[in-house]
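Protein chains in written order, with the numbering used here: chain B, 0 to 363; chain Z, 0 to 363; chain S, 0 to 363; chain V, 0 to 363.
I should point out that these hints are in silico values taken from the structure, not numbers from a laboratory. Keep in mind that a hint or two might mislead.
As the list claims (entries may be wrong) - Okay, derived cross-link-like pairs now, DSSO-like style, lysine-lysine, Cα gap no bigger than 30 Å in a straight line:
1) S:Lys-196 - V:Lys-248
2) V:Lys-63 - Z:Lys-74
3) B:Lys-360 - Z:Lys-312
4) S:Lys-145 - Z:Lys-360
5) S:Lys-248 - V:Lys-193
6) S:Lys-63 - B:Lys-63
7) V:Lys-360 - V:Lys-193
8) B:Lys-87 - S:Lys-359
9) V:Lys-196 - S:Lys-248
10) B:Lys-360 - V:Lys-360
11) Z:Lys-359 - Z:Lys-74
12) V:Lys-63 - Z:Lys-63
13) S:Lys-196 - Z:Lys-74
14) B:Lys-312 - Z:Lys-360
15) B:Lys-248 - Z:Lys-74
16) V:Lys-74 - Z:Lys-312
17) B:Lys-74 - S:Lys-196
18) V:Lys-87 - Z:Lys-63
19) S:Lys-145 - B:Lys-312
20) V:Lys-303 - S:Lys-248
21) Z:Lys-248 - B:Lys-303
22) Z:Lys-359 - S:Lys-145
23) S:Lys-87 - B:Lys-87
To be verified - Facing chain V, according to a computed beta carbon distance under 8 Å, are these residues of chain Z, among others:
24) Thr-10
25) Glu-16
26) Gly-32
27) Gly-73
28) Lys-113
29) Gly-115
30) Met-152
31) Phe-190
Model, not experiment: these values are computed from the prediction. The beta-carbon is built from N, C-alpha and C at its ideal position, and this holds for glycine as well.
Here is how the chains run, residue by residue.
Protein chains: 4
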Amino acid sequence: MGGSTFGRIFTVSTWGESHGPALGAVVDGCPAGLSLSEEDIQVFLDRRRPGKSRFSTARNEEDKVQILSGVFEGKTTGTPVSLMILNKDHRSADYGNIAYTYRPGHADFCYDQKYGFRDYRGGGRSSARETAARVAAGAIAAKLLKETGVSFMTYVRSIGPVSTNAFDPDEISRNPLCMPDAAAAEEASRFLEKCIKDQESAGGVIECRISGVPAGLGDPVFGKLDAVLSQAVMSVGAVKAVEIGDGIKVTAYTGSDSNDGFTTDLSGRIIKTSNHAGGILGGISDGSDIILRAHIKPTPSISKPQDTVTRDKERVSIEIHGRHDPVVVPRAVVVVEAMCALTLADALLTNITARLDYIKKIYG
Amino acid sequence: MGGSTFGRIFTVSTWGESHGPALGAVVDGCPAGLSLSEEDIQVFLDRRRPGKSRFSTARNEEDKVQILSGVFEGKTTGTPVSLMILNKDHRSADYGNIAYTYRPGHADFCYDQKYGFRDYRGGGRSSARETAARVAAGAIAAKLLKETGVSFMTYVRSIGPVSTNAFDPDEISRNPLCMPDAAAAEEASRFLEKCIKDQESAGGVIECRISGVPAGLGDPVFGKLDAVLSQAVMSVGAVKAVEIGDGIKVTAYTGSDSNDGFTTDLSGRIIKTSNHAGGILGGISDGSDIILRAHIKPTPSISKPQDTVTRDKERVSIEIHGRHDPVVVPRAVVVVEAMCALTLADALLTNITARLDYIKKIYG
Amino acid sequence: MGGSTFGRIFTVSTWGESHGPALGAVVDGCPAGLSLSEEDIQVFLDRRRPGKSRFSTARNEEDKVQILSGVFEGKTTGTPVSLMILNKDHRSADYGNIAYTYRPGHADFCYDQKYGFRDYRGGGRSSARETAARVAAGAIAAKLLKETGVSFMTYVRSIGPVSTNAFDPDEISRNPLCMPDAAAAEEASRFLEKCIKDQESAGGVIECRISGVPAGLGDPVFGKLDAVLSQAVMSVGAVKAVEIGDGIKVTAYTGSDSNDGFTTDLSGRIIKTSNHAGGILGGISDGSDIILRAHIKPTPSISKPQDTVTRDKERVSIEIHGRHDPVVVPRAVVVVEAMCALTLADALLTNITARLDYIKKIYG
Amino acid sequence: MGGSTFGRIFTVSTWGESHGPALGAVVDGCPAGLSLSEEDIQVFLDRRRPGKSRFSTARNEEDKVQILSGVFEGKTTGTPVSLMILNKDHRSADYGNIAYTYRPGHADFCYDQKYGFRDYRGGGRSSARETAARVAAGAIAAKLLKETGVSFMTYVRSIGPVSTNAFDPDEISRNPLCMPDAAAAEEASRFLEKCIKDQESAGGVIECRISGVPAGLGDPVFGKLDAVLSQAVMSVGAVKAVEIGDGIKVTAYTGSDSNDGFTTDLSGRIIKTSNHAGGILGGISDGSDIILRAHIKPTPSISKPQDTVTRDKERVSIEIHGRHDPVVVPRAVVVVEAMCALTLADALLTNITARLDYIKKIYG
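Given the sequences, and given the hints that come with them, work out the whole structure.
Below is the structure:
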């Protein structure tokens with residue numbers, strides 16, 4: 000399976016470069032009968048769109064999605080859903096000067112090593128722009144999951160040194176930094192102002208909380224739900240660490256601190272008494288909220304001079320001007336959510352093949 | 000592809016339960032012509048074996064591997080290599096009392112939810128014993144990688160609150176905790192003594208450093224090397240976070256701190272001037288050492304009483320006695336290394352199909 | 000992996016319905032450095048185009064392909080190549096009357112059973128129009144194969160009861176029926192005239208001969224080259240049988256008639272003395288020409304009245320008018336060739352991972 | 000995915016060589032809750048066992064299967080089912096003389112070309128003995144299918160020039176040639192006697208009829224049910240052609256002869272009025288019996304002298320003595336059935352993910 004395809008049953012394949020004519024995604028294995036419109040997808044894409052705040056690039060992509068196949072009379076048909084987004088605003092001249100210079104923190108050198116040459120315009124395939132296609136596909140996955148009661152809340156936990164202390168879900172969509180804490184968002188804004196002044200950039204942490212996930216999703220032993228979520232989230236450019244539940248903190252816990260007890264709720268359902276595990280045990284969802292965090296490095300494109308070399312091994316200093324966000328974290332919120340949705344949708348479908356009694360329910 | 004298979008070209012499928020007659024792995028896609036003996040694999044398995052220190056289970060498994068296919072006259076033939084390890088010492092009576100009680104921190108509840116019932120003997124498929132099969136397969140991957148100059152150094156960075164401060168590679172194999180710092184190992188031992196006395200357990204951090212990796216491995220965009228490594232490592236039971244390079248620390252860096260510059264070395268080869276990225280940029284290896292860390296939760300099996308429920312929703316208190324390590328981290332060192340080796344071997348093979356000039360070198 | 004994806008390393012995913020806005024293919028895993036233009040692909044598509052003879056539909060699709068990604072400065076970059084063909088000429092009104100009636104010999108009923116409903120316009124996803132996307136992708140595979148000396152000759156062996164007796168390769172492109180025998184083509188034309196008059200349709204046999212294939216392609220035991228070729232060719236709508244080499248005739252042979260001996264040629268190379276096997280032994284190419292035949296049923300759309308039922312189980316008589324070929328065999332020639340090329344390209348790439356000495360040649 | 004793995008959800012991986020210590024299969028993705036014993040599998044293996052008639056090899060393999068994992072208290076657990084068959088009776092000395100000589104009709108030359116060398120003992124991985132592992136896995140698939148009402152009838156349609164004319168299902172298990180026609184079996188026996196006397200071998204045709212298949216199985220466009228069945232059946236050594244339904248005969252039909260009409264039966268269910276299509280339309284099962292035929296070449300091992308070359312290009316004459324069937328067709332009956340069962344089981348599971356209403360039935 001090509002490196003640009005993800006999933007086993009509900010699969011997505013993306014294609015496209017930053018400055019090519021278009022980019023897109025093909026979703027195969029989406030069940031028939033799901034209501035789906037371009038508007039459903041556009042809502043997701045708009046969350047990723049730049050230009051919403053002064054901390055994101057001025058490149059004005061409309062990122063208008065078109066559904067080219069797989070939907071008939073407002074419903075998915077079970078056949079591949081092809082999504083396309085035209086690249087309208089790409090001033091290639093902007094990037095000409097870095098055609099043969101290896102930008103620090105970028106994949107330029109690696110692409111040349113792997114493929115022998117590369118599409119250098121705007122980062123080509125390694126551009127963050129590729130994630131637009133994932134977001135479009137993720138919107139379909141999220142719509143499917145919603146039908147079975149699964150929902151997502153994704154937000155920024157920190158930007159550079161500024162962490163959230165409060166948690167107000169309503170606040171997330173109120174500030175351009177997607178933080179659930181107005182005061183922290185204010186402080187982070189000031190920090191980003193300073194970054195811009197210093198010709199620098201910042202990273203941060205995104206947290207995704209997934210509710211309503213039925214127990215049982217995930218396939219031992221390599222297809223564990225947390226394993227596939229990690230692949231999904233780490234495949235987003237600039238992510239350098241992934242945590243599930245209490246994550247790195249658990250290494251300092253004792254066993255009894257780390258373990259979540261079981262009890263029954265008022266309705267007699269078995270539930271956990273805490274959720275240090277982040278909703279996954281032994282690689283299988285346990286019915287609690289799934290919680291994960293993605294740690295994102297600072298945007299590598301900075302206008303501060305940096306030492307590097309050209310393809311021809313000439314040592315040079317590079318200053319990267321042009322349209323670059325000092326921080327990509329807020330725009331990456333929906334990308335992380337999309338990747339989690341794609342993972343969950345696939346696990347949801349795969350899981351119904353795991354029991355003979357399920358199969359008899361369909362064919363019986 | 001079943002959840003028990005990993006890889007695209009160099010694939011491994013594992014099978015087996017803790018208390019079944021045997022467990023094993025099938026490695027498909029291993030190139031023909033690799034020298035391979037049972038001894039090559041046994042060396043890896045012995046690193047995982049319990050009973051080496053007082054902090055690991057007294058269960059005395061020899062874990063003797065047999066090669067059942069795919070090797071002829073001391074060389075791999077290119078056909079599937081089947082590996083089997085007999086389960087000799089399993090006293091099922093030990094586990095009878097927990098057949099229908101959900102152990103906190105374990106997958107018992109999740110397996111019942113997913114499959115309707117489970118093999119409760121020793122954790123069945125969710126037992127850490129399953130990793131023996133991965134280690135056996137990983138030994139083959141490591142042998143293949145060695146042929147192209149790739150090597151591994153894996154060790155324990157911390158146990159509970161005790162972190163290493165020094166780094167002496169020779170020390171790793173000298174202490175039973177696999178720490179590169181004798182003093183830290185001493186302190187960690189004392190901490191583990193206390194855990195045992197307290198009927199508790201501990202977690203820790205494993206670091207893996209991979210040298211000699213050629214630039215160019217990894218497939219954009221979902222098959223990125225760091226993404227697949229994350230899946231590989233997170234699929235090891237008890238791992239709750241994975242970091243690449245500077246990992247979570249990068250979120251507090253500025254762009255210029257995070258970026259690694261490029262320069263040329265004395266031989267004229269392009270190299271990086273630092274390695275915050277941990278050897279991977281844009282999902283493709285950059286020729287520097289690959290560095291990753293796995294954060295492991297405390298062993299969930301503790302003898303301290305814990306509140307839980309039975310399958311039939313009866314609330315009970317459980318004390319888990321029997322053969323359980325207060326810490327699995329040292330034994331997991333070789334498991335993490337094996338998963339990284341499996342990932343790299345697959346990426347190495349996949350990469351030679353990425354360029355027409357490579358293909359012409361073979362068929363020309 | 001979704002049902003719309005084919006291949007392991009060199010993969011193709013197709014999307015699109017007969018009467019949607021467009022259809023297309025995404026080719027992932029094509030090696031970097033291959034010269035590729037839209038013209039290279041157009042040549043293949045033009046071979047499939049209708050309207051070349053009076054025996055093919057008057058629907059006038061230009062079938063103009065666009066490359067949307069994966070090619071830069073005239074060469075493949077190693078990233079997904081996205082191909083799109085707009086659907087220009089679709090008069091949906093033509094098909095309205097069959098929206099809820101199950102056409103005999105078509106997949107209408109099966110799609111409704113599988114998915115609950117279907118895009119009935121022009122057959123939707125089950126339309127032969129989908130093969131345009133395969134042909135576009137196959138053109139890339141064929142271009143890649145040409146670089147290593149692999150070439151194809153594909154032609155019509157029979158139409159209805161009319162078989163070719165002569166074999167003149169130059170004749171294949173001279174007659175609209177792609178037959179290597181002018182007299183047979185003449186006779187087949189007369190037969191098709193009669194079919195039209197009788198409101199009937201015809202089937203036929205396509206043969207594909209692949210030269211220059213290096214020995215060693217194909218992966219035991221399920222990924223055998225003949226097995227994958229069979230899947231590839233049988234996945235073309237209307238194909239009801241696939242033969243390799245002497246095919247069905249071998250069942251009446253004796254062992255010594257069926258076996259091909261080995262000898263050496265003047266240059267000392269080992270060759271076979273005959274080719275009953277059709278170039279594949281034990282699922283692996285043997286260096287001789289690969290020969291296969293696809294047996295294609297008559298076009299199911301006929302204007303002669305047929306008994307059938309509607310979705311609502313009403314018994315009706317149906318006459319299918321509109322633009323339908325009395326025979327699809329000549330247009331399917333390039334489709335069969337494309338599927339063989341996709342199979343071979345994938346086998347060629349996979350094979351270079353099968354030997355340690357190959358791998359050392361790249362990384363050494 | 001390695002060449003030794005088949006299937007998407009219900010997957011099988013086989014391993015093992017003719018003269019290694021054992022061979023086996025790992026079945027992953029079998030739903031939990033299926034009753035399964037070694038006896039269920041043994042019944043299938045016994046159908047393949049040699050030595051039942053004088054026309055099959057005297058090699059006396061017991062082919063006793065062991066279940067090593069994935070079954071607990073008589074039911075599948077949803078985790079991999081590992082099956083092993085020890086190789087007991089292999090007299091390697093028998094094969095020493097052909098270690099470096101390329102047997103006509105065998106894969107010896109191709110394996111050497113692909114892998115650089117080969118396990119020459121008894122054909123190694125290319126031995127028909129490998130199919131024992133498939134048969135064992137197929138027995139599980141067949142058991143699963145039986146739970147939803149799918150059943151198989153597989154038999155020999157012809158041996159050499161001798162075809163069946165009558166069809167008595169009860170006769171199939173009565174004669175050692177598995178023919179549904181006692182007179183034809185008698186005649187075929189006489190033909191085989193002559194083959195033996197002539198130091199020759201014979202091929203034949205196997206037909207498989209699958210009843211009770213629900214409409215809807217198979218995934219457009221590459222995962223079509225007939226396409227995957229073709230791969231499955233063609234992957235059995237010695238198969239040179241596969242037909243679905245009326246197969247090659249349809250090329251001479253007219254459209255109205257080839258098409259099957261639709262009507263309703265007494266219970267109001269939509270059915271076809273004929274079954275030329277062999278139960279599959281547009282790659283999706285239509286609810287009629289699935290019918291396919293495999294055409295098998297004569298056993299390539301014959302004692303008649305044949306011209307060939309050695310690895311070192313010496314021209315030699317070879318006479319293959321030892322334990323070889325003059326015809327493998329009757330023993331291949333259960334192999335073809337097993338491959339069909341594996342294909343259907345996978346399609347059955349995959350299909351329940353194709354509709355949102357199915358998914359809601361499970362999670363609702």
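Contradicted hints - numbers only: Of the numbered hints, 7, 8, 13, 15, 17, 19, 27, 30 and 31 do not hold.
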